[in-house]
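Chemist: Residue numbers (this note's numbering), protein chains in the order written: chain A, 2 to 261; chain B, 0 to 312.
There could be a bad hint or two in this list.
Unchecked claim - In the SDA-like style, the derived pairs of lysine to any residue whose C-alpha atoms are separated by at most 25 Å in a straight line are: (1) Lys144/A <-> Gly153/B; (2) Lys157/A <-> Gln134/B; (3) Lys299/B <-> Gly34/A; (4) Lys179/A <-> Asp148/B; (5) Lys8/B <-> Glu267/B; (6) Lys179/A <-> Leu158/B; (7) Lys257/B <-> Lys155/A; (8) Lys179/A <-> Phe150/B; (9) Lys157/A <-> Glu133/B; (10) Lys155/A <-> Gly80/B; (11) Lys141/B <-> Gly91/A; (12) Lys260/B <-> Phe257/A.
Worth flagging that the hints you see were computed from the coordinates, not collected in a lab.
Chain by chain, the residues:
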Amino acid sequence: MGKKATDYTLQELNLVEIAREVNDGDIVIIGTGMPLLGVMLAQKTHAPNVFAITEAGPIGVNPAYLPFSVADPVFTMGATMVGGLTESLGLVHAGRVDLGFLGGAQIDKFGNLNTSFIGVDYNHPVSRLPGSGGANDIASCCKKTIISMAAHRKDKFVGKLDFNTTPGYLTGGDARKKIGYPGEGPLKVISPLGVFRFDEVTKEMYIDSYFPGVTIEQIKENTGWDIKVGKDCKETEAPTEEQVKVLRALDPAGVFLKKG
Amino acid sequence: MNNKVMTAKDAVSQYIKDGDVVYIGGFAANISYALTHEIIRQKKKDLTIVTSSFNEHGDQLVGAGCVSRIETSYFWMEVFGQCSCFRRAAEKSIPHSVQIEEYSNFAMVARFMAGALGIPYVPLNAIKGSDLAEQTAWKGDKKLKIMSDPFGSGTVHALVPALQPDIAIVHAHRSDENGNLQIWGQVGDIPWGAKASRTVIATVEEVVDGDVIKHDPNRTCIPDFMVSAIVPEPFASHPKPVQGYYNVDRDFIFNYIKLAKTEEGLKEFMDEWVYGVKDRTEYIEKFIKKYGWQRFQGLKSSQYSAASVNYGA
Chain A
2 MGKKATDYTL
12 QELNLVEIAR
22 EVNDGDIVII
32 GTGMPLLGVM
42 LAQKTHAPNV
52 FAITEAGPIG
62 VNPAYLPFSV
72 ADPVFTMGAT
82 MVGGLTESLG
92 LVHAGRVDLG
102 FLGGAQIDKF
112 GNLNTSFIGV
122 DYNHPVSRLP
132 GSGGANDIAS
142 CCKKTIISMA
152 AHRKDKFVGK
162 LDFNTTPGYL
172 TGGDARKKIG
182 YPGEGPLKVI
192 SPLGVFRFDE
202 VTKEMYIDSY
212 FPGVTIEQIK
222 ENTGWDIKVG
232 KDCKETEAPT
242 EEQVKVLRAL
252 DPAGVFLKKG
Chain B
0 MNNKVMTAKD
10 AVSQYIKDGD
20 VVYIGGFAAN
30 ISYALTHEII
40 RQKKKDLTIV
50 TSSFNEHGDQ
60 LVGAGCVSRI
70 ETSYFWMEVF
80 GQCSCFRRAA
90 EKSIPHSVQI
100 EEYSNFAMVA
110 RFMAGALGIP
120 YVPLNAIKGS
130 DLAEQTAWKG
140 DKKLKIMSDP
150 FGSGTVHALV
160 PALQPDIAIV
170 HAHRSDENGN
180 LQIWGQVGDI
190 PWGAKASRTV
200 IATVEEVVDG
210 DVIKHDPNRT
220 CIPDFMVSAI
230 VPEPFASHPK
240 PVQGYYNVDR
250 DFIFNYIKLA
260 KTEEGLKEFM
270 DEWVYGVKDR
280 TEYIEKFIKK
290 YGWQRFQGLK
300 SSQYSAASVN
310 YGA
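Excised from the complex, chain A in its bound form (with noise of 0.2 Å):
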């Protein structure tokens, strides 16, 4: 498996926990940002046959170089096929993806997302969201994805969501399975904490494991409910030597990646 890294950030170990999910061949749907730089860590390591396409319409994508906007024309240069929202989207919709990605401002233990609104009254809303966006879609139709928590606090992680715009696991046990979506929920989550997963029978959120200098206590003091902890609970595995090298060369200038 290689070498393990001593130096590295824990946003690095947060882009390998992402790639530790794609699995070479599969079909995936990025953006910008953090997840693409994930599949592209993997692509250039364990999974050279990942298949990415993105929500604006390019299909088989290669970018050139790190594009800031899900629409940059540098996804078009090089892909294999271009459509629009009907052939990237709908592939989704099919049930032919196999990762998509996905964040939020708030999350529950069944690991549904709000990114709708802040407040009690949709109409009148304290904060405005952006809304679902593809969210909703690649949370009910891909076969799996992965949620990224930009932050890790008791009013991001959350006993209950002001609204629920992309579904997790519902209401837990096989209120997901009951209700019929083609994908079969979330994977994992990963906050600047540690590495969350689901229960395999109650579909609720527990602790996989920690990031480095993070403690089991500190999680569970900035999060809203209860949160269990895995029984095999860890801190997480440290990334490869030569993931960090990959990681570093993709964003030479960091434009999404931060030093030191």
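With chain A fixed as given, assemble chain B onto it according to the hints.
Modeler: Frame of chain A, contents of chain B only:
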């Protein structure tokens, strides 16, 4: 032959009425800022704006007070930042309140597709189970329906209604004078959104001879009989890209986001780039004068051409 070439000013004043449902095409690319800015200059009111995802084109229309209702899946600036006018209107009714009917991205495209094909509604695998199926702004039970598959699979689906806007505003790469619109690269939601609408007004990078269109008919997304007006406006999509013409102007987008955070900053931006110019030609002149020829040229696309194909019989 029917020459539809006209100015943005004439196209907007002739074809857009207060209260219209206006589809604004483009998924973060090929967006006609030349026409959205003209709508703002003409102070159109009470519009319902619809598209799969809005960025600053929608934000500026909301900030200028042109919009009462929004149907979309997304209203933000991707990883660049937030749409502040959208937030001020939704949270504080500044300059006035707006209502937001929120669907998923694919649901919006499916609604346009249905509108274009004359299909009354589309059953979807998404939306069900989420609060998108529970909450509504003004459509009530007409937003969508949850229904069991009548063919007996036992699965429930969200049925979303077809959407047929009064008018589509799009930006194409090129057209002839009759309005056969050609777009290449990522087409986003433009083909379905435009064909779903009762008519289309389009800005184009170039007006070409009809023979150019007829030698490459696969690239035509929208046939001329659906189009009412063609406005030749190079750079009309700036700061968003047009494949093969120019790339995203990141600095310009960041500057807009920074300014739009306050009402004063928004006024400064609008006075400079919308009210302060009479058309896109003046906009380009201002851009070059302010930021220099080099930055303008720096936005131009690299060369990456297709091999030619034979369409012969």
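Chemist: Against the structure, test the hints numbered earlier, and report the numbers of the ones violated in rising order.
Modeler: 7
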